[in-house]
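Colleague: Here is how the chains run, residue by residue.
There are 4 protein chains.
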Amino acid sequence: MTPAPGRILSNAGVLRMEGESTLKTPQDYLASLAAMQHNVWLNGHQVARPWEHPQIVPGINIVALTYEWPQKPEHQAMLTATSHLTGQTINRFTHIHQSVQDLQNKVEMTRLYCRETGCIQRCMGVDALNALSIITHHTDSMFGTAYYPRLLDYVQYFQANDLVGNAAMTDVKGDRSLRPHQQADPDLYLHVVEKNNDGIIVRGAKAHNTLAPYAHELIVLPTRDMREEDADYAVAFAIPADAPGLTLICRGAAPSSKREMAAPVSSRYASVESLTIFDNVFVPWERVFLCGEWQMAGYLAECFATYHRHSYCGCKPAISDLLLGAAALVAEYNGVPNASHVRHKLTEFMITAELVHACGLAASLKGQPQTSGTYMPDLVYANVGKYYAGTNLHHEIELLQDLAGGLIVTMPSEEDYRSAEVGPLLKKYLAGPASVAVDDRVRCFRLIEDLTASKFAGLLMVAGVHGGGSPEAERLAIYRSYDLESRKEMAKRAAGIAT
Amino acid sequence: MTPAPGRILSNAGVLRMEGESTLKTPQDYLASLAAMQHNVWLNGHQVARPWEHPQIVPGINIVALTYEWPQKPEHQAMLTATSHLTGQTINRFTHIHQSVQDLQNKVEMTRLYCRETGCIQRCMGVDALNALSIITHHTDSMFGTAYYPRLLDYVQYFQANDLVGNAAMTDVKGDRSLRPHQQADPDLYLHVVEKNNDGIIVRGAKAHNTLAPYAHELIVLPTRDMREEDADYAVAFAIPADAPGLTLICRGAAPSSKREMAAPVSSRYASVESLTIFDNVFVPWERVFLCGEWQMAGYLAECFATYHRHSYCGCKPAISDLLLGAAALVAEYNGVPNASHVRHKLTEFMITAELVHACGLAASLKGQPQTSGTYMPDLVYANVGKYYAGTNLHHEIELLQDLAGGLIVTMPSEEDYRSAEVGPLLKKYLAGPASVAVDDRVRCFRLIEDLTASKFAGLLMVAGVHGGGSPEAERLAIYRSYDLESRKEMAKRAAGIAT
Amino acid sequence: MTPAPGRILSNAGVLRMEGESTLKTPQDYLASLAAMQHNVWLNGHQVARPWEHPQIVPGINIVALTYEWPQKPEHQAMLTATSHLTGQTINRFTHIHQSVQDLQNKVEMTRLYCRETGCIQRCMGVDALNALSIITHHTDSMFGTAYYPRLLDYVQYFQANDLVGNAAMTDVKGDRSLRPHQQADPDLYLHVVEKNNDGIIVRGAKAHNTLAPYAHELIVLPTRDMREEDADYAVAFAIPADAPGLTLICRGAAPSSKREMAAPVSSRYASVESLTIFDNVFVPWERVFLCGEWQMAGYLAECFATYHRHSYCGCKPAISDLLLGAAALVAEYNGVPNASHVRHKLTEFMITAELVHACGLAASLKGQPQTSGTYMPDLVYANVGKYYAGTNLHHEIELLQDLAGGLIVTMPSEEDYRSAEVGPLLKKYLAGPASVAVDDRVRCFRLIEDLTASKFAGLLMVAGVHGGGSPEAERLAIYRSYDLESRKEMAKRAAGIAT
Amino acid sequence: MTPAPGRILSNAGVLRMEGESTLKTPQDYLASLAAMQHNVWLNGHQVARPWEHPQIVPGINIVALTYEWPQKPEHQAMLTATSHLTGQTINRFTHIHQSVQDLQNKVEMTRLYCRETGCIQRCMGVDALNALSIITHHTDSMFGTAYYPRLLDYVQYFQANDLVGNAAMTDVKGDRSLRPHQQADPDLYLHVVEKNNDGIIVRGAKAHNTLAPYAHELIVLPTRDMREEDADYAVAFAIPADAPGLTLICRGAAPSSKREMAAPVSSRYASVESLTIFDNVFVPWERVFLCGEWQMAGYLAECFATYHRHSYCGCKPAISDLLLGAAALVAEYNGVPNASHVRHKLTEFMITAELVHACGLAASLKGQPQTSGTYMPDLVYANVGKYYAGTNLHHEIELLQDLAGGLIVTMPSEEDYRSAEVGPLLKKYLAGPASVAVDDRVRCFRLIEDLTASKFAGLLMVAGVHGGGSPEAERLAIYRSYDLESRKEMAKRAAGIAT
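Protein chains in written order, with our numbering: chain L, 1 to 499; chain G, 1 to 499; chain W, 1 to 499; chain U, 1 to 499.
Careful: at least some of the hints might be erroneous.
As a list, the in silico BS3-like pairs of lysine-lysine whose alpha-carbon atoms are at most 30 Å apart [to be verified]:
1. Lys428(W) <-> Lys427(G)
2. Lys492(W) <-> Lys427(U)
3. Lys72(L) <-> Lys492(G)
4. Lys492(G) <-> Lys427(L)
5. Lys427(W) <-> Lys195(G)
6. Lys492(G) <-> Lys366(G)
7. Lys366(L) <-> Lys492(L)
8. Lys366(G) <-> Lys72(L)
9. Lys366(L) <-> Lys72(G)
10. Lys427(W) <-> Lys428(G)
11. Lys366(U) <-> Lys195(U)
12. Lys366(W) <-> Lys492(W)
13. Lys428(U) <-> Lys195(L)
14. Lys492(W) <-> Lys366(U)
15. Lys428(L) <-> Lys72(U)
16. Lys428(G) <-> Lys366(L)
17. Lys428(U) <-> Lys427(L)
Just so you know, the hints here were simulated from the structure itself, not pulled from any lab data.
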């Protein structure tokens with residue numbers, strides 16, 4: 001994997017990869033991270049990429065899977081794609097969707113990965129690139145700009161190097177009742193502070209940047225619709241995650257203390273969030289994809305949101321799958337797998353999972369090619385699916401806690417369980433049905449503690465609500481794009497009112 | 001349309017229709033009904049088929065549409081199909097689904113028709129034929145019977161004559177805690193009372209037979225799983241709706257009194273339900289599709305249910321469409337179309353409609369060919385969609401009533417509105433915004449009264465809950481067919497439990 | 001009962017009743033109605049008070065109970081009160097509440113009556129008088145008026161004659177986005193058109209006036225807060241229901257056709273709604289309780305609403321009681337009283353009923369005396385209770401339909417059931433468990449049809465949503481009166497933020 | 001506070017306290033804990049009572065408040081009571097309820113304390129004593145035993161020394177499909193292993209023992225109904241928390257790492273849970289309150305549950321109060337306090353809080369004296385209130401997360417915020433409206449993180465679901481005790497069915 005992507009501010013001269021495939025390996029990925037500059041902070045200290053830190057490693061473990069599984073024959077059809085630019089086999093996370101089948105593959109790929117990891121994270125980069133492939137095309141046709149060919153160059157570079165991209169979208173926003181240019185501090189939304197022949201200089205901060213410290217590239221998008229006075233805030237670009245001027249202040253979701261019985265889903269795999277500060281960061285023009293065309297900012301935000309909510313229609317069902325599995329397991333370990341209320345509750349998870357996934361499939365099936373040829377999932381279905389997921393997750397958490405019982409929050413620590421003095425007492429009294437190993441039962445409670453009653457659970461819930469946009473944003477998107485007039489016409493006909 | 005289907009007890013010798021298309025016209029349909037025997041009762045009187053009765057005409061009006069619209073060029077792709085038996089163009093309501101696209105077409109056709117009619121009714125016949133095409137094939141391979149070729153003959157006859165078929169499934173059931181053979185009266189489930197060389201003789205009653213008095217054919221299916229002692233109850237067949245021994249005791253959903261301002265959706269179009277009594281009815285062998293193979297009864301019931309729940313994923317969104325339209329209209333007629341709580345509530349309808357329709361699309365997309373080649377929609381998605389529809393409709397009714405206000409149940413009668421004495425007072429005081437005609441506003445309230453606060457509304461709600469099976473039946477179907485074990489494996493991996 | 005209240009426009013000179021009790025009998029009540037002028041319209045015809053019309057009789061039957069039951073020794077403590085004005089025993093429906101116990105008695109009396117009748121109707125009059133007893137006192141102290149003593153005179157007259165009062169509050173409102181004085185037609189809210197030495201003349205219309213055609217008195221209240229420009233609309237008064245210039249255009253909730261098997265709850269007992277037109281109606285000053293003090297209109301509306309929502313905390317649990325009873329009965333008649341899902345659903349009704357009734361009790365317990373000495377229920381609890389009732393009733397309807405099954409909307413008519421030809425077939429096939437009489441099972445289905453799938457059910461649902469004010473109005477009342485600041489202080493302390 | 005309660009295995013000879021009041025001070029409380037034996041384990045180590053450990057101190061801080069506030073004149077009426085045994089002024093947490101007002105005071109006292117602390121914990125002791133005061137009286141009258149006078153002696157001792165009692169009820173249960181005597185290990189439910197002249201010896205373990213390490217006394221109750229074979233498991237008694245043979249293996253809910261900006265609600269105040277092992281613990285007869293009367297075990301469990309669910313009707317509204325305050329505060333700190341969806345969501349908290357508290361008040365108002373004279377809250381209302389609280393808390397958590405936004409789980413650590421290098425960047429970019437101090441906004445996010453997205457939040461949620469019993473247990477209690485027959489009679493009357 002040469003040249004190391006962390007070194008490159010311009011992708012203009014990068015040689016295209018030759019051969020049929022551009023797929024990299026987990027080892028390539030780790031090596032490329034190791035070559036990057038240090039600009040990551042955690043718990044008050046600067047930390048080096050990538051291996052050392054127990055709160056960053058779980059994130060890297062997740063992304064490494066996205067290099068490992070596409071190598072497996074049984075997964076290749078779903079996890080790889082053929083580049084419409086080069087014809088090469090590429091990682092699907094770098095693909096611009098060319099068909100309904102591509103959209104369906106993305107949503108099913110997401111569920112597959114997330115069943116193992118909870119959150120695969122790499123989806124956001126591909127969602128950002130696809131949104132840009134649509135909006136840059138529109139922008140060029142409306143404003144005579146040349147963003148689209150520039151983007152295609154970047155996509156080729158991205159595919160050729162099998163890069164990991166983050167999407168840096170949500171500004172810190174300050175006073176939410178004010179527009180960007182009205183804020184007391186103009187930097188509370190990221191904006192262009194200077195343009196010159198070589199590129200632009202930007203300042204501001206983006207919040208909730210999952211994946212940023214172990215991504216190669218940050219893909220920066222505006223967070224909302226803009227008005228003319230906000231033109232400097234209408235900016236989109238890509239930048240290496242270790243570019244000069246960038247500071248990533250991070251927070252890991254993994255448990256801070258290491259436990260032998262920790263649930264792998266929250267300790268081997270976990271995400272990292274970054275508050276990413278852009279302190280006069282230079283971006284060369286070949287990486288700028290929107291700059292001042294304020295009319296397009298809202299469209300770009302919404303287009304990305306649609307793609308990302310479509311992704312959620314894959315990952316949230318995977319969370320339900322996991323919660324369901326844990327629920328069925330703990331019911332068995334408590335000796336009551338067939339109680340009627342248990343079956344009733346297990347069915348709730350199934351219904352929730354499949355309502356959401358159905359929306360992902362429907363959004364794919366009803367996906368439409370846009371002017372650039374990129375397929376976009378149906379906005380209404382993508383939003384409905386994410387909305388339903390985000391507003392039902394807490395009920396799933398409740399059901400799982402209900403089925404598990406109080407031990408998930410009252411069980412003594414692993415240290416007690418391992419203690420020579422009191423450990424035997426715990427092993428005696430934490431026994432379930434005779435057929436279940438006590439260790440397994442305890443691990444099961446630990447899993448459910450992690451999934452429902454921990455900092456990790458907190459992230460899970462909040463990501464469910466706010467990931468890809470808040471419920472209010474989703475409702476608004478649905479309302480705005482729904483064909484309400486045709487329904488009113490139907491009602492008039494049904495009422496016998498002349499139309 | 002000769003020979004009149006009402007005369008035919010055996011389809012064995014029927015000539016196949018020649019030409020490219022077998023599509024009939026509304027006039028053909030009406031003529032064929034007129035030729036049928038009289039065996040329909042309503043409100044204590046025998047009524048002749050078809051025109052006279054204001055409570056049956058609305059049902060016929062609906063079915064007539066299914067002959068009219070397929071003639072329209074813009075609808076032909078969706079509303080017709082190519083018979084896999086003859087290559088002829090047929091009404092999609094007589095088609096055996098041969099692809100994912102066929103399944104998708106069925107669910108979208110259903111939404112299209114139901115936006116006009118509320119309930120298109122003819123879906124049940126095609127759902128029954130498709131279920132039989134799967135289960136007869138399985139039965140033949142397991143029991144060495146020859147039901148499948150017999151069914152294909154019948155399907156050809158059905159397609160050639162563009163027939164309307166009902167599905168008569170739900171037995172009256174007596175004591176629901178007892179199995180069929182345990183009932184005090186053995187006739188409380190329909191059963192075979194005699195077999196001879198020519199055919200079988202059956203006795204019993206089927207309830208909730210929508211469409212029966214203006215259908216050509218009744219397609220009779222078992223209502224549940226059976227045990228060996230219930231073998232006589234494991235019977236499926238088709239019979240003309242006016243065959244000797246059949247009595248249809250009916251009830252219409254249309255308002256009993258005629259009103260000028262009646263909402264067309266409940267007076268021009270409305271269904272009729274029949275309690276259909278089989279009093280020693282003879283069925284020739286060529287129309288018998290299951291007889292004694294008790295092991296298959298439950299599969300046949302579930303297979304039909306899956307098809308029919310799939311249909312609901314088309315019709316229930318159409319109901320939501322109509323309720324949404326009425327809600328938006330009344331908000332406008334009350335002068336508050338843009339209040340934030342109004343928008344919030346309108347979005348609720350959109351979300352409900354599309355969650356259900358997404359399940360219909362997903363069930364189609366994940367449909368699979370069975371051994372006979374027939375495509376069957378995915379059971380889980382079909383059930384999840386119907387379940388969600390049936391358990392959210394009442395909330396939609398509530399929202400619409402909330403938006404409309406009390407007038408829908410307190411507004412004086414049409415006679416008062418037309419009265420020379422008090423009519424002018426009503427026209428004065430029922431005015432809304434100056435831009436809205438009072439007549440239109442009154443019609444809108446009448447529509448919402450019909451949709452939410454009438455006998456018609458009652459049918460709408462109960463059909464939402466019980467149509468295609470009760471919520472409990474749907475939950476059970478989901479639970480039974482869901483791959484729970486794989487989720488438990490996921491949870492074990494996530495917990496670090498050896499698997 | 002002399003003098004007949006229908007004759008009296010002024011109560012100034014009425015002699016007080018002597019003796020310990022003013023309680024009248026059902027016969028007195030009927031006689032007093034018979035003496036009233038004719039001004040009631042129904043279905044395009046003028047109808048005389050009271051007996052003739054099958055759609056008005058059920059309403060009168062209900063109110064007659066409020067004269068009958070207080071005579072029964074076992075009910076006297078709850079259904080009667082001691083007048084704080086005269087010390088006489090009075091009907092509690094004419095009482096001004098003097099204690100927490102009075103408030104509790106009112107809410108429990110309401111549940112008691114409504115268990116028999118569904119809606120006792122007479123509550124609205126006592127709620128209106130109590131609200132007036134508070135606001136007239138406030139108005140006098142703020143504006144130097146003398147409404148309160150005038151009201152006390154009227155209350156004495158009302159108690160002495162054991163009168164039935166309606167509350168006429170909701171104006172027809174026209175364009176709901178406009179204030180009263182902004183409407184295209186100034187009469188779309190009721191207003192004062194002339195004042196003279198003797199009294200005022202008013203014009204307009206009040207909607208949803210339950211009980212009006214068989215009430216003695218209409219108690220008219222403003223429907224909302226007013227601004228200075230709306231001063232003419234800030235008017236409250238009492239008027240005999242047959243005063244010159246009044247026209248009551250009515251609609252009955254009872255089934256229009258008489259059935260032998262009709263459920264008593266919807267045919268023996270049912271309410272009537274009036275759209276009441278005030279065409280230059282004269283009101284003498286002694287019956288005017290607000291006139292122009294626009295600042296008080298909103299308070300009066302809200303005060304009445306609080307009392308009336310408090311009443312709903314009694315009547316809605318009674319509806320739940322009835323729905324629960326029907327649910328348990330039909331489960332038994334279907335043979336499945338002990339299925340786990342049945343028990344689960346029955347418990348839902350119990351929870352809903354008691355959450356609402358708990359609010360009624362809590363609103364009573366936390367009731368406070370106002371400056372006039374009248375006890376007012378706690379606003380928050382009264383609103384929370386009604387809100388919960390109104391937004392959960394549809395779910396109860398759904399559960400009952402779910403438990404009953406489709407027969408409630410597909411069962412043939414009573415004429416078929418009584419028919420010599422098909423009746424025996426129905427009696428055979430509508431049988432349930434052997435221990436249940438078919439007639440009883442059929443009656444049970446008819447009851448549930450009436451309660452959930454009829455015009456009567458429509459009124460029930462809409463009254464649940466809108467009776468006493470819409471859910472939005474209730475939410476607003478709660479939000480406005482809740483002590484939010486103290487909760488923010490709590491949060492600040494909990495967060496370690498200096499307060 | 002002499003003699004130290006930790007020393008006393010028998011209370012038989014204890015001198016009664018003289019004087020008008022037995023109230024102790026926080027200092028007395030701390031001194032008494034210091035005198036106790038060491039038997040508490042945490043994180044694999046034995047820890048001494050009481051001060052040292054940062055995970056136990058927050059629990060002690062809470063209980064200390066229950067000694068401090070009753071000294072305040074403004075709280076004395078609510079927080080103290082008059083002993084019905086001695087006439088002395090006692091802490092209400094040691095009182096046997098003698099009136100409806102006592103019940104109301106308890107539920108309002110609980111809300112008051114919990115607004116400050118989240119969970120006051122000391123409620124469980126008084127709930128256990130009250131339940132014992134009822135059931136011992138019944139047991140004596142049914143079995144001729146003398147538990148009740150023995151209990152009264154103990155209560156006097158408890159009141160005289162102003163003791164803190166825990167309720168140790170939930171056994172570890174092993175295989176939940178098996179009864180106690182059927183378990184593979186007979187110790188999986190606590191049971192009597194020996195009886196002698198002096199007392200009994202017990203073995204087993206009780207889980208979820210909140211408060212145990214800083215309580216003086218453990219009050220042990222059976223966890224469920226028993227059959228004859230389970231007679232050894234039907235045992236209730238009181239024992240000092242440091243008695244020989246007891247081991248408390250604990251877990252604290254406070255954050256394990258100390259933070260300067262920690263929310264006081266989760267770091268100054270937090271509970272501790274104990275898994276309490278009884279390894280052949282001797283209990284003298286004067287402290288045994290049930291022993292072998294298996295018929296009473298279920299009644300005792302249910303009676304305690306009713307009292308404790310009644311307590312929840314005070315503490316859960318306090319949690320809603322706090323969540324509401326945090327929601328309103330963060331909306332203000334984000335600049336959107338008046339957005340319509342914000343107001344809508346704030347109102348949700350209000351409704352939930354008051355529905356639950358209304359049940360607490362109603363359960364008090366409808367409380368009835370039992371044969372011993374003790375007042376017991378109404379079972380249905382207590383259960384309905386707790387059930388509603390437990391099944392709506394997660395939705396409140398969701399709403400608060402929704403209003404707060406993603407920063408509650410993505411905000412960098414306090415160390416970063418304090419860092420000289422990146423701290424200034426965070427202070428710049430975490431600013432909200434100009435009028436809000438950044439520090440306050442950050443503290444507000446930390447509070448919401450603690451309340452909704454942390455181990456502490458996990459405990460909060462699970463305690464909401466399972467505290468005082470699971471939702472299923474509550475539903476069952478409601479179903480069993482509800483007067484369903486009277487509702488069926490109502491339905492029969494309403495249907496016209498002879499009764």
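Colleague: Between Lys72(L) and Lys492(G), is the straight-line Cα distance small enough, at 30 Å or below?
Modeller: Satisfied, since the Cα-Cα distance of roughly 23 Å is no more than 30 Å.
Colleague: Given the hinted pair Lys366(U) and Lys195(U), is their alpha-carbon gap at most 30 Å?
Modeller: Since the Cα atoms of Lys366(U) and Lys195(U) sit roughly 41 Å apart, the hinted pair is violated (cutoff 30 Å).
Colleague: Within a Cα-Cα threshold of 30 Å, do Lys428(U) and Lys195(L) meet the stated pairing?
Modeller: Answer holds: Lys428(U) to Lys195(L) is near 24 Å, not above 30 Å.
Colleague: Check whether the Cα positions of Lys366(L) and Lys492(L) lie no farther apart than 30 Å.
Modeller: Holds, at roughly 28 Å.
Colleague: Given the proposed pairing of Lys428(U) with Lys427(L), does the C-alpha separation stay at or below 30 Å?
Modeller: violated, 51 Å
Colleague: Does Lys366(G) pair with Lys72(L) here, judged by a C-alpha cut-off of 30 Å?
Modeller: holds, 24 Å
Colleague: Does Lys366(U) lie within 30 Å of Lys492(W) when you go C-alpha to C-alpha?
Modeller: Not OK: Lys492(W) and Lys366(U) at ~36 Å, beyond 30 Å, violated.
Colleague: Are the Cα atoms of Lys366(W) and Lys492(W) separated by 30 Å or less?
Modeller: holds, 28 Å
Colleague: Taken at face value, is the distance from the CA of Lys195(G) to the CA of Lys427(W) at most 30 Å?
Modeller: holds, 27 Å
Colleague: For the pair supplied as a hint, Lys427(W) and Lys428(G), confirm whether the alpha-carbon distance does not exceed 30 Å.
Modeller: violated, 51 Å
Colleague: Would you mind confirming whether the straight-line C-alpha gap from Lys366(L) to Lys72(G) stays at or under 30 Å?
Modeller: This hinted pair holds, its Cα atoms lying about 24 Å apart.
Colleague: Would you mind confirming whether the straight-line C-alpha gap from Lys428(G) to Lys366(L) stays at or under 30 Å?
Modeller: Violated, at about 48 Å.
The structure fails hints 1, 10, 11, 14, 15, 16, 17 (numbered hints given earlier, in ascending order).
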